[in-house]
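A.B. asks: Each protein sequence line maps, in turn, to chains A and B.
Reminder that position 166 of the first sequence reads as 166 in the numbering used here, one-by-one numbering, no gaps.
Reminder that position 73 of the second sequence reads as 73 in the numbering used here, one-by-one numbering, no gaps.
To be clear, the hints were calculated from the coordinates, so they are not data collected in a lab.
Quantities reported herein were computed from a predicted structural model and do not represent experimental measurements.
Do not rely on the hints blindly, as some may be mistaken.
[What the hints assert, rightly or not] Cβ pair distances, simulated, as ranges:
hint : chain 1 : residue 1 : chain 2 : residue 2 : range
1    : A       : Val195    : B       : Lys26     : 27 to 33 Å
2    : A       : Arg240    : B       : Leu5      : 25 to 31 Å
3    : A       : Glu274    : B       : Asp70     : 48 to 54 Å
Even glycine gets a Cβ: it sits at the ideal position worked out from N, Cα and C.
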Amino acid sequence: MDVDYKALKNGGFMRQKQKDRFSLRLKVVGGNLTAKQLMVIATAAENYGAGHVHLTSRQGVEIPFVKLEDVENVKAFLASGGVSTGVCGARVRTVTACQGSDICPSGCVDALSLAQDISQRYFGRTLPHKFKFGVTGCLNNCLKAEENDLGVKGGYLIDWDSSDCFFCGVCVKACRVGALSRGQRQIYLDRQKCVNCGRCVKACPTNSWRGRPGYLVSFGGSFGNRIAQGRPIFAITEDREAVLKAADAALDFFTAHGQAGERFRTTIDRVGWEPLTKAVEAALAN
Amino acid sequence: MPTDLEPVATVDITDCVCPMTFVKIKVAMDELAGGAILAVRLNDGEPVQNLPRSLKDEGHKVLRLLDNQDGTYGLLVKKSEEA
Numbered sequence: 001m002d003v004d005y006k007a008l009k010n011g012g013f014m015r016q017k018q019k020d021r022f023s024l025r026l027k028v029v030g031g032n033l034t035a036k037q038l039m040v041i042a043t044a045a046e047n048y049g050a051g052h053v054h055l056t057s058r059q060g061v062e063i064p065f066v067k068l069e070d071v072e073n074v075k076a077f078l079a080s081g082g083v084s085t086g087v088c089g090a091r092v093r094t095v096t097a098c099q100g101s102d103i104c105p106s107g108c109v110d111a112l113s114l115a116q117d118i119s120q121r122y123f124g125r126t127l128p129h130k131f132k133f134g135v136t137g138c139l140n141n142c143l144k145a146e147e148n149d150l151g152v153k154g155g156y157l158i159d160w161d162s163s164d165c166f167f168c169g170v171c172v173k174a175c176r177v178g179a180l181s182r183g184q185r186q187i188y189l190d191r192q193k194c195v196n197c198g199r200c201v202k203a204c205p206t207n208s209w210r211g212r213p214g215y216l217v218s219f220g221g222s223f224g225n226r227i228a229q230g231r232p233i234f235a236i237t238e239d240r241e242a243v244l245k246a247a248d249a250a251l252d253f254f255t256a257h258g259q260a261g262e263r264f265r266t267t268i269d270r271v272g273w274e275p276l277t278k279a280v281e282a283a284l285a286n
Numbered sequence: 001m002p003t004d005l006e007p008v009a010t011v012d013i014t015d016c017v018c019p020m021t022f023v024k025i026k027v028a029m030d031e032l033a034g035g036a037i038l039a040v041r042l043n044d045g046e047p048v049q050n051l052p053r054s055l056k057d058e059g060h061k062v063l064r065l066l067d068n069q070d071g072t073y074g075l076l077v078k079k080s081e082e083a
């Protein structure tokens, strides 16, 4: 029998060293699975695999040692329990996320629901090469936004209201980047230095610092054979829709300019940041 | 501007590191009545960057931060009325 290994790989079945055995990649968004899904996965690993699963570096789950002849059966069994197979190859991969503002005390934006929206919109879309999205809820950056082809990080747009401030100077000390200074009954903010971490907001005893949640988007990160840090193209935005518009533009840019087998960052370096910036800015202006 | 900033107790945490800094403040706070003021002497760096926020998270209110000009700070904290 001729086996279409490429098609299997695209559908999440990763070839193993062992002949006709596959490590089955499952679809997981933001590292969240229900208890019921976990039970179905456990049963599948017992019945179709070698009785264990592998937790991947990107919050995914794989069931190793699935037999070639069981490919369709295991898919059907998993589907009956609300678990779908993942993807591999040149397409949008698993979208990673932290638990975000719903659960984490440090969370600034709802990273998980944004990751779900991103996954809904792009998961599995074919591109010149793999493409990774990651969403992290705050500047602590647990999900390492800048190592993704497109990373999103929560941050605060801050403003100072003098009415209740008694100029204790706590914010000046809380700021780690020296963006704040104290004058005579005045607090000065250097917006060039501010990194939107919101430490001033969290430390202020009188809530004189107000923080509105926003999104910091980075482009062109990779952390594999080549290590490159994603870079911002536009300033922090409160507009969640703008993140998706920017992502639309980035993927369209990659589709239009990327050569097969070339990561997004290599395309940007070859074609230039300027055209990408223009494309993203045009998308945001719409 | 808060008035009546007379502390009823003082705690010096310049000789310890996180998390003992916060533990020492918590122990000192436990001795106080709600609304009473605690004076804390703390080091520059991490303690002064982080403790005001931790105290706020616990419901206490920072009233003053004084630079002692010797690498230490004085913090006046009003204990939460609910504590």
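A.B. asks: Compare the structure with each hint and give your call.
C.D. replies: Verification of the hints:
Look at Val195 (chain A) against Lys26 (chain B): about 30 Å separates their beta carbons, and that is inside 27 to 33 Å. Distance hint for Arg240 (chain A) and Leu5 (chain B): a CB-CB separation of about 44 Å, inconsistent with the stated range 25 to 31 Å. A hinted range of 48 to 54 Å for the beta carbons of Glu274 (chain A) and Asp70 (chain B) is consistent with their spacing of about 52 Å.
Of the numbered hints listed earlier, the single one contradicted by the structure is hint 2.
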